[in-house]
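Trainee: Going left to right, the sequence shown walks through residues -11 to 481 as my numbering numbers them.
Keep in mind that the hints are not guaranteed to be accurate.
When the alpha-carbon atoms are kept at most 20 Å apart in a straight line, the in silico EDC-like pairs for lysine to aspartate or glutamate are as follows [claimed, not checked]: (1) K225 - E420; (2) K287 - D391; (3) K287 - E303; (4) K311 - D380; (5) K463 - E437.
These are calculated hints, taken from the structure and not from any lab test.
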Amino acid sequence: MAVEIKELTSRSENYAQWYNDLVIKADLAENSAVRGCMVIKPYGYAIWEKIQRQLDDMFKETGHVNAYFPLFIPKSFLSKEADHVEGFAKECAVVTHYRLKNDPNGKGVVVDPEAKLEEELIVRPTSETIIWSTYRNWIQSYRDLPILVNQWANVVRWEMRTRLFLRTAEFLWQEGHTAHATEAEAIEEAEKMLNVYAEFAENYMAVPVLKGIKSANERFAGALNTYCIEALMQDGKALQAGTSHFLGQNFAKAFDVQFIDKEGKRDYVWATSWGVSTRLMGALIMAHSDDNGLVLPPKLAPYQVVIVPIYKNDEQLAKIDEKVFKVLKDLKDLNISVKYDNSQNKKPGWKFAEYELKGVPVRLAIGARDLENGTIEAARRDTLTKETVSVDNIADYVKNLLDEIQKNIYQKAFDFRAANTISVDSYEEFKEKIEAGGFILAHWDGTTETEERIKDETKATIRCIPFDDDKTPGKCMVTGKPSAQRVVFARAY
-11 MAVEIKELTS RSENYAQWYN DLVIKADLAE NSAVRGCMVI KPYGYAIWEK IQRQLDDMFK
49 ETGHVNAYFP LFIPKSFLSK EADHVEGFAK ECAVVTHYRL KNDPNGKGVV VDPEAKLEEE
109 LIVRPTSETI IWSTYRNWIQ SYRDLPILVN QWANVVRWEM RTRLFLRTAE FLWQEGHTAH
169 ATEAEAIEEA EKMLNVYAEF AENYMAVPVL KGIKSANERF AGALNTYCIE ALMQDGKALQ
229 AGTSHFLGQN FAKAFDVQFI DKEGKRDYVW ATSWGVSTRL MGALIMAHSD DNGLVLPPKL
289 APYQVVIVPI YKNDEQLAKI DEKVFKVLKD LKDLNISVKY DNSQNKKPGW KFAEYELKGV
349 PVRLAIGARD LENGTIEAAR RDTLTKETVS VDNIADYVKN LLDEIQKNIY QKAFDFRAAN
409 TISVDSYEEF KEKIEAGGFI LAHWDGTTET EERIKDETKA TIRCIPFDDD KTPGKCMVTG
469 KPSAQRVVFA RAY
């Protein structure tokens, strides 16, 4: 085993430290010189690119187009929507000056006091305000609707407690912002995009998710409804993996975005916004990985297969190279991404440990004896099992194996969630069970007061009011008041 793996803290010993160790040792990201910000390293960024590329295709299949809006937002824009500004005020980074000058005392540079901005600019925490200011110029008539725009961008939310990928002062994301002629169209859009996120999480990330609506207390600032997908991590904590917001006419009214409808009447536009971020990287790591390192679903792995030659001399390597180049072509013909590591500066054992740490789904090893026997050794990362296979059939074998690994990783996560989802009826039982983590289904009376009490006393929040839960009414576990259905509670990231 490589030194890097030996030094990986086990999940049972310290889950948070295991996560940090893994992010750094698997070369995904590292802390930067700027407090609270991260450097996403090439291997980590390759995973993000796969996430981005697949989501972008899914957005475009549903009629959306990409655009880009400014990083800076005039402070007055944030003042136009009261709930929105209140929701983000404590996280905003503010630009006040536009120039530096040499320090007259010879100590580097200082802010030039003469270069103060007439109006401060906010580094975008989210783009609703700048986008709806723009949409006012784009929309006059129902013929201009709908607008289905997405942007890939970075945002800044001045977090004090940060953790790589999960919570950083600057992070990458996409944010969709759509404009519609009717309330029904906007709600349909918000629900449609939530389903896109759920499909991506389950079919590509291999992470099972619960779909539902946020409570009023947890919804996005300025939204009438927030729809969400919630995933369960291996430590029993929930992670919000994506949100879609029905904004009503709030932002249209704040920025006076009106249109002439088919009857010739003026009305305010209906809006949605929706987004996922590099938090998905954190979800991917925490949902599947183990004490040996990353476990990546094949659909999002930077390379799905790595081939490692085992040889004693250059002559053996040359013969192995010849055989492997044929295997490479066969794999690539099946659109399987593959890396052949025939570098001579590291031993095969070191490479095995490195690729295990990095979560490569399938590792193929071929040596002199394999050449004689016409075989190749195939090792799968999800189960850490190995099998000797005919080299002539390896491409089809690997293609089927990758499909099997993708399904197995999902099933394992699904079974974990099922085993860690329970229903409780009393508050005493709730307080006992929440210590073990997991999703808890319980009745709640619908009031913010009760929700806040539960959060204060147990550190658990309502993750969602689920769409697909049993809608059987009952009594709130805290107050005994009527409850329309069970909601999902958990401690969360």
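Trainee: State for each hint whether it applies.
Mentor: The hints, checked one at a time:
1. K225 - E420: Between K225 and E420 the Cα gap is close to 15 Å, so the pair holds against 20 Å.
2. K287 - D391: holds, 9 Å
3. K287 - E303: violated, 36 Å
4. K311 - D380: holds, 10 Å
5. K463 - E437: Holds, at about 16 Å.
The structure fails hint 3 only (numbered hints given earlier).
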